[in-house]
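Student: This is what each chain is made of:
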Amino acid sequence: MTPLLEVRGLETHFRARDGLGIVRAVNGVSFTLNAGATVGIVGESGCGKSTLARSILRLVEPVSGEIVFDGEDVRALNAKRLSALRRHMQIVFQDPYASLDPRQSVGGILAEPLEIHRIGDRASRRARVLELLGLVGLDAEAANKFPHEFSGGQRQRIGIARALALSPKLIVADEPVSALDVSIQSQILNLLVGLRERLGLSYLFISHDLAVVEHISDWVLVMYLGRIVESGPVEAIYARPSHPYTQALIAAIPQSALRREANRSVPTGDVPEGDVPDPENPPSGCPFHPRCPKAMARCTTEFPEERPVAGSSTDHVVSCHLF
Amino acid sequence: MIPKEGAAAPLLSIEDLAVSFGTEGGRVRVVENVGLRILPGQALGLVGESGSGKSVTAMSVMRLLPSPPSRVESGRILFRGQDLLQLSAGAMRAVRGDRIGMIFQEPMTSLNPTFTVGFQIAEALALHGKVRGAAARERAAALLERVGVGPPARRLRQYPHELSGGLRQRVMMAIALACDPDLLIADEPTTALDVTIQAQILELIARLRAELAMSVLLITHDLGVVAEVCDLVAVMYAGRIVEQAPPALLFAAPRHPYTLGLMKSAPKLGERVKLLPTIPGMVPPPGRRGSGCAFVGRCFRASARCAVEVPPFEPVGPTHEAACWNPLQ
Chain A
2 MTPLLEVRGL ETHFRARDGL GIVRAVNGVS FTLNAGATVG IVGESGCGKS
52 TLARSILRLV EPVSGEIVFD GEDVRALNAK RLSALRRHMQ IVFQDPYASL
102 DPRQSVGGIL AEPLEIHRIG DRASRRARVL ELLGLVGLDA EAANKFPHEF
152 SGGQRQRIGI ARALALSPKL IVADEPVSAL DVSIQSQILN LLVGLRERLG
202 LSYLFISHDL AVVEHISDWV LVMYLGRIVE SGPVEAIYAR PSHPYTQALI
252 AAIPQSALRR EANRSVPTGD VPEGDVPDPE NPPSGCPFHP RCPKAMARCT
302 TEFPEERPVA GSSTDHVVSC HLF
Chain B
13 MIPKEGAAAP LLSIEDLAVS FGTEGGRVRV VENVGLRILP GQALGLVGES
63 GSGKSVTAMS VMRLLPSPPS RVESGRILFR GQDLLQLSAG AMRAVRGDRI
113 GMIFQEPMTS LNPTFTVGFQ IAEALALHGK VRGAAARERA AALLERVGVG
163 PPARRLRQYP HELSGGLRQR VMMAIALACD PDLLIADEPT TALDVTIQAQ
213 ILELIARLRA ELAMSVLLIT HDLGVVAEVC DLVAVMYAGR IVEQAPPALL
263 FAAPRHPYTL GLMKSAPKLG ERVKLLPTIP GMVPPPGRRG SGCAFVGRCF
313 RASARCAVEV PPFEPVGPTH EAACWNPLQ
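Note that the protein sequences, when read in sequence, are chains A and B.
Quick note: to get the numbering used here, add 1 to the position in the first sequence (first position is 1).
Quick note: to get the numbering used here, add 12 to the position in the second sequence (first position is 1).
Chain B extracted, bound-state conformation (with noise of 0.2 Å):
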């Protein structure tokens, strides 16, 4: 279900982000102008290539990025309203874990090897205030069984390197539900996993999005994966968000020339040619975009304008926004 505009306020507003990192060759700005709407129970795709900037704007929102060396040149973000760049650290230590959640790529170095996994969630539990003692171990006891980690007594007492990639991330879920949060962000959790895991993992992302009515941001580099779980996706391209649709409309109808290569350059099942398309080139290190569209060197569509003027990002349709000064029809 796709909520509709204005229907709700939204849950998470990312207005202008811009977000820097100072490098020896002085400061860069890795993300700029990022805008993002997640209306309550709505699941928002993020997909960029490396160094797109998809994870800095995720990290900003849990306020998790070393600063120095990062900086938050502009822009806020309102989550239910309240702008969590103006929170002290301790408020925002009470939002991160508790109402809003989060899921890594790799769950083997966020979760700590020295503690089994029911002491692991039951932290998560008493440091929010929620429960403590026999009480967290069975709410822990719950939350394994809904995250589909069984037998939970066995699993509570396990480490997590007793368990597969697949249940370990399984297993960071339920810290990241421990406390009911209204949002999950999950930057990447399938690209460590094998594909027969990966669809698992996606479904339970999908089934438990729908159960606890939460919200999802969801990063990823596979525009398939966000097919599966989103009802939104933005393309992120050189630190900047270049187009934004729901994922039938993205797929069926991109109107962004970068959106349109990153599609067909991906081989297809069932689609055998000899040569795949290819965009031209690779991103532009941070820095060295230039004061016009970073894509300009690599797009078959570039004219002299988009050399000098970044294009804005607006809409293109009723529910389709893309940045560029000649998109495709």
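Bound-form chain A, shown alone (with noise of 0.2 Å):
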């Protein structure tokens, strides 16, 4: 398989809130994504998760690594060569209400990344406005209106329609699903799926439920406090979570005991005690260390560096001392 984008040793750093000292949002990152494929990203809040998606659009700036995307060197791009890669990269939101310009017809909305990048004319902008409704299973009659008069699944198709305007080869989705009831979230989650399918997509989806990445990717990222604490193949992962944080999210589904039982055994961990650790004061170490059922006086002190997880799929890795 050809890689769509690559990713090695992503940095992304913020100024904490004293001014001095730095945040490191994004911490090493690496990952590569196939073309057709979905490499879904899972963590709590504040693990750097919608940091890594916005530092690979370049809509926050990395600063150190690499990001290669369809053969090119994303962070080396100007402002006009980024603008036009963008075409082919492009991110939905979680609240599509807020992504959404209220003061703009449904139709405008869809229509404007053409009018920006200066694509065909009024009636073929208006020919594929129509299209790009129909993809998402809105009438064409919704053109002629505004957000407001949807509800909040109608709402995320038609900020699924605005990404794909441009024919994009990647969609980022930032929790698209996370603000909808469940069963409209199927309905987007089918969505996207039958889009993979028919436009030949690849997706970098962000998600904190485990299951819905279950559902969706093929590739699972686990993010803990800006790193990747374990990665492989979804089969891989959810047969065998290997670190304890991964192993703690897994415990921590509501209901997962009653789940577990019906489907299949997992080994699972405690629910972790305390909260996630204030990014600006990593714990040294492992970051998950203080939280930590298993932690040994090592991982204190040294982070530890990517391992294969034995007897699994050979590209299953765990960042974890007990391997």
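Derived by calculation from the structure, the hints in this document are not laboratory data.
Be aware that a few hints might be false.
Below, in silico cross-link-like pairs of lysine-lysine (DSS-like), each with a Cα-Cα straight-line distance of 30 Å or less [to be verified]:
hint : chain 1 : residue 1 : chain 2 : residue 2
1    : A       : LYS295    : A       : LYS170
2    : B       : LYS286    : B       : LYS276
3    : A       : LYS170    : B       : LYS280
4    : A       : LYS146    : A       : LYS170
5    : B       : LYS286    : A       : LYS170
6    : A       : LYS295    : B       : LYS280
Ranges between beta-carbon positions, derived for each pair [claimed, not checked]:
hint : chain 1 : residue 1 : chain 2 : residue 2 : range
7    : A       : GLY72     : B       : VAL40     : 44 to 50 Å
8    : A       : GLU150    : B       : GLY38     : 15 to 21 Å
9    : A       : ILE120    : B       : PRO80     : 18 to 24 Å
10   : B       : ARG317    : A       : ASN35     : 38 to 44 Å
11   : A       : TYR98     : B       : THR126    : 27 to 33 Å
12   : B       : GLY145    : A       : ARG18     : 32 to 38 Å
13   : A       : ASN79     : B       : GLY162    : 50 to 56 Å
14   : B       : LYS286    : A       : ILE120    : 30 to 36 Å
15   : B       : LEU340    : A       : THR301    : 51 to 57 Å
Source: prediction; values computed, not measured.
Cβ atoms here follow ideal geometry from the backbone N, Cα and C, with glycine treated the same way.
Mind assembling these two chains? They're in different frames, but the hints should get you there.
Tutor: Structural data, given as structure tokens:
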């Protein structure tokens, strides 16, 4: 398979609130996304998953590392070339209402990316808008309405249609179903799966929901405090969750005990105590050690290098001294 | 433990509650014919999607709905035999925060940002004439310890913004529990929290409920959450209760097609399917719910009768009730 996106050693830092220190929001992240595949990023708030996504699109600027998209070095591009490249990588946000201009008709919202990139004339843009509405399961008359006239699920369909306007290769979806009711969530997930197949899309799919990530992803990255602590093919991660944090995330899913019984047995940990540490003052060594039930002396001083999980898929890796 | 039916008088009994809201298009009923009973020590989960009326029901019990635009059209809310809807504002204030505690989804909006944690817990105690001064501070520290916020001496001096979301929710819990309430109403208490923190808060609710022998009314959109905490689950759809049963029974054998649809449409760990089962369409808005079952337009079992006549909420088993003309077997 051809890699569509390769990220190597990516670092994105923010200035801390006191103005002196730095927050390593993305701290040495590497992964590969193959064409037509979906990489799921899972983690709790503050783990850096959204910053990672925005860094790849250069909506925030990384400080070091490599991003290669479709053979191009994204970090080396000037503004003009970057703008051209962004046609091929689009983003869908969690809250479609906040990301849609309330004063523009849906037709206007969907035509705007085409206008910005000077694609087609009025008539062909109009035709494309109708085509996009059809792709996401909305009626043609939606073009003349405004965002407030739609429900949350329909607004997310509009957000997806806008992301598709320029026929991108990659869609970065940042918690696209988190704000939706369960019955609407499944409709949107099915839409995303259908579009992936029909249009040959690749997704970078960010979610805090492990079941949603398992459902849609081929490959999974588990993030904690700016680092990937476990990654691999989806089957391997969910059959053998190996990092104590991954195990804790699975154990914490409400009623997961019942679900496991019904489905299969996977090793899980205990729900960790305490809060996620302040990213401005991350713990030394392994960032999870203060909450980890299996922490050893070594974990407090030394960050664990990535190691393969013995007996699992060869590309299933974990950053933990237990391995 | 599920208290046996008839073993005790219910602590809370909602009978035939209907609530309407005034809108530009006239009055619309958002809650209709809702009946719920919570026995002493029992935990009841009220589950539904947005707009189902679950929060309106909870807020009606607390009499916290602004009126206008809201209006109770009918019904009684009996708490320890007394109809809360008939109480004077003053008498209701004595119940609220004293006999009934409440926690909300976003603790930051219910905590006052300008006062310390200690002040706000002590205030709840003073308001209900419990204790003041040094005794109140001592009791506040004990409450923080009980909800797992340590070290209490330091936390009492902190302001809400200095705490994480999980700790804030624990502080809310300390305030809600300050007067040893008989009933805790928790409205989406974990929805804004990360999963590991959610699990901690659910554990805390379950533990405190046992320790304090209090009843719990838990409002949530997440069927998994009720399974963790509740003895009984009531499912709401479009303003009405459509099904009620103990969680294990409800999940094993749902009788209402909406409950089944809700359960099936959530992706489940370890079950990879290409496409998820869905409930077609969306919830009809209040005022456009027709004269029959509000689910009729989305239901795979709908028959002619469903469109014209509201199905009664009635027993379909010893501990199982549903409102459906064509219940699942």
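Student: For each hint, tell me whether it holds in the structure or not.
Tutor: Hint check:
{"no.": "1", "hint": "LYS295(A) with LYS170(A)", "result": "42 Å, violated"}
{"no.": "2", "hint": "LYS286(B) with LYS276(B)", "result": "13 Å, holds"}
{"no.": "3", "hint": "LYS170(A) with LYS280(B)", "result": "28 Å, holds"}
{"no.": "4", "hint": "LYS146(A) with LYS170(A)", "result": "28 Å, holds"}
{"no.": "5", "hint": "LYS286(B) with LYS170(A)", "result": "21 Å, holds"}
{"no.": "6", "hint": "LYS295(A) with LYS280(B)", "result": "28 Å, holds"}
{"no.": "7", "hint": "GLY72(A) with VAL40(B): 44 to 50 Å", "result": "57 Å, violated"}
{"no.": "8", "hint": "GLU150(A) with GLY38(B): 15 to 21 Å", "result": "20 Å, holds"}
{"no.": "9", "hint": "ILE120(A) with PRO80(B): 18 to 24 Å", "result": "51 Å, violated"}
{"no.": "10", "hint": "ARG317(B) with ASN35(A): 38 to 44 Å", "result": "53 Å, violated"}
{"no.": "11", "hint": "TYR98(A) with THR126(B): 27 to 33 Å", "result": "30 Å, holds"}
{"no.": "12", "hint": "GLY145(B) with ARG18(A): 32 to 38 Å", "result": "36 Å, holds"}
{"no.": "13", "hint": "ASN79(A) with GLY162(B): 50 to 56 Å", "result": "53 Å, holds"}
{"no.": "14", "hint": "LYS286(B) with ILE120(A): 30 to 36 Å", "result": "33 Å, holds"}
{"no.": "15", "hint": "LEU340(B) with THR301(A): 51 to 57 Å", "result": "54 Å, holds"}
Going down the numbered hints, you'll see the structure goes against 1, 7, 9, 10, while the others check out.
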